[in-house]
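2 protein chains.
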Amino acid sequence: MITRAERESARQRAAAILARTGVTVRQDEIDKMEVADFGLSELEQSGAQIVTLVDTEQIAVKLLIMLPYQTEPEHTHPGVDAYAGKEETIRCEWGELYLYGPGAPTPDPKGHPPEHRRHTYTVWHEYILRPGDQVTFPPHTPHWFQGGPEGAVFWSFSTKATDKQDTFTDPDIQRVTVVVD
Amino acid sequence: MITRAERESARQRAAAILARTGVTVRQDEIDKMEVADFGLSELEQSGAQIVTLVDTEQIAVKLLIMLPYQTEPEHTHPGVDAYAGKEETIRCEWGELYLYGPGAPTPDPKGHPPEHRRHTYTVWHEYILRPGDQVTFPPHTPHWFQGGPEGAVFWSFSTKATDKQDTFTDPDIQRVTVVVD
Chain S
996 MITRAERESA RQRAAAILAR TGVTVRQDEI DKMEVADFGL SELEQSGAQI VTLVDTEQIA
1056 VKLLIMLPYQ TEPEHTHPGV DAYAGKEETI RCEWGELYLY GPGAPTPDPK GHPPEHRRHT
1116 YTVWHEYILR PGDQVTFPPH TPHWFQGGPE GAVFWSFSTK ATDKQDTFTD PDIQRVTVVV
1176 D
Chain X
996 MITRAERESA RQRAAAILAR TGVTVRQDEI DKMEVADFGL SELEQSGAQI VTLVDTEQIA
1056 VKLLIMLPYQ TEPEHTHPGV DAYAGKEETI RCEWGELYLY GPGAPTPDPK GHPPEHRRHT
1116 YTVWHEYILR PGDQVTFPPH TPHWFQGGPE GAVFWSFSTK ATDKQDTFTD PDIQRVTVVV
1176 D
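Chains S and X, in that order, are what the protein sequence lines are.
The first sequence lines up with residues 996 to 1176 when you count with the numbering used here.
The second sequence lines up with residues 996 to 1176 when you count with the numbering used here.
What the hints contain is simulated information worked out from the structure, not anything from laboratory work.
Some clues are possibly wrong.
Identical chains blur together in the list; that is why a pair holds if it fits in one copy or across any two.
Calculated cross-link-like contacts (lysine to aspartate or glutamate; reagent style EDC-like; alpha-carbon spacing at most 20 Å) [claimed, not checked]:
1) K1027 x D1050
2) K1057 x D1128
3) K1027 x D1128
4) K1155 x E1052
All values reported here derive from a predicted model rather than from experimental measurement.
Taking the hints into account, I'd like the entire structure generated from these sequences.
Okay, here's the thing in structure tokens:
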């Protein structure tokens, strides 16, 4: 859980990072920014800020803002009923993003998940994304990512988002963030 | 058809307009910019410049650059085999875009297609898109658009692009542009 004050602080910091990009985002989109702590109650370490631009039954376009060294925990996008699951292209717009997926583990990776949760991170093939770099993951691909020293802003271009169904490796995670006074 | 020189000139002018946005685009993406004249051999009046960022079997993300008052002729995105057809969200990033789709015709519209082709434009419900404004069209929706006085840059976020199958109202149109020396 996070407090309303924590959420507001994260929103403001993320909005300031977003403003360092040159992408046009409406104020009403920024006002609706999702602050996700994945139920871990350690937002500075494990979390993400998400601005949704398009969210239809077919596709989703989101801008994710990572605070410096903030990590979104390892997860996959499973299928739901007839839907094969979310295919996602992650494209860096600003800053530096450390992204991990299946493949040969990268020696000495730049990303460091929270030490007390390291056992819940199982894929270690590293992609260092700088502005304009992108990677596409098919559905069911475990991945996680961390913002660099100044944070990161990246695009998520995908088929239909069904975030609440996302599967996280860490059993402590709840995708819906509880906000308390 | 267009000449190589015309294509190069349009690419350079479109790249200069694109540079007025703050969006991160790689040089290799700009170098591959499509210049489409829709077979009408009047690129300044009827055409579009297209930079593709994502093009998978599931989704496409493109940046379209319209020169001042340049018009992309009326078209729809039909289905192909099992595919229902392209759902498309058009989102203005920079400049002003005059967009037309089905609905009550707008009196005194701002967009003016080439006079000698006006009979091939059948939908006149106007959306004036400024930065951050967007409209989503389901498959099979006829639409056309024109750049404003300084041109326009807009996002096309869509399901799978099958551009070569697009259906144009104007029977003179060929979607594949022929480039000659």
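Results of checking the hints against the structure:
Taking CA atoms no more than 20 Å apart as the test, K1027 paired with D1050 passes inside one copy only; the shortest distance there is 13 Å, against 29 Å between copies. For a Cα distance limit of 20 Å, the shortest separation of K1057 from D1128 qualifies both inside one copy, at 16 Å, and across copies, at 15 Å. Taking identical chains as interchangeable, the C-alpha atoms of K1027 and D1128 lie at most 20 Å apart only when they sit on different chains, with a minimum of 16 Å there against 27 Å within one chain. Taking the closest pair of Cα atoms, K1155 and E1052 come within 20 Å of each other both inside a single copy (6 Å) and across two copies (14 Å).
Checked against the numbered hints given earlier, the structure satisfies every one of them.
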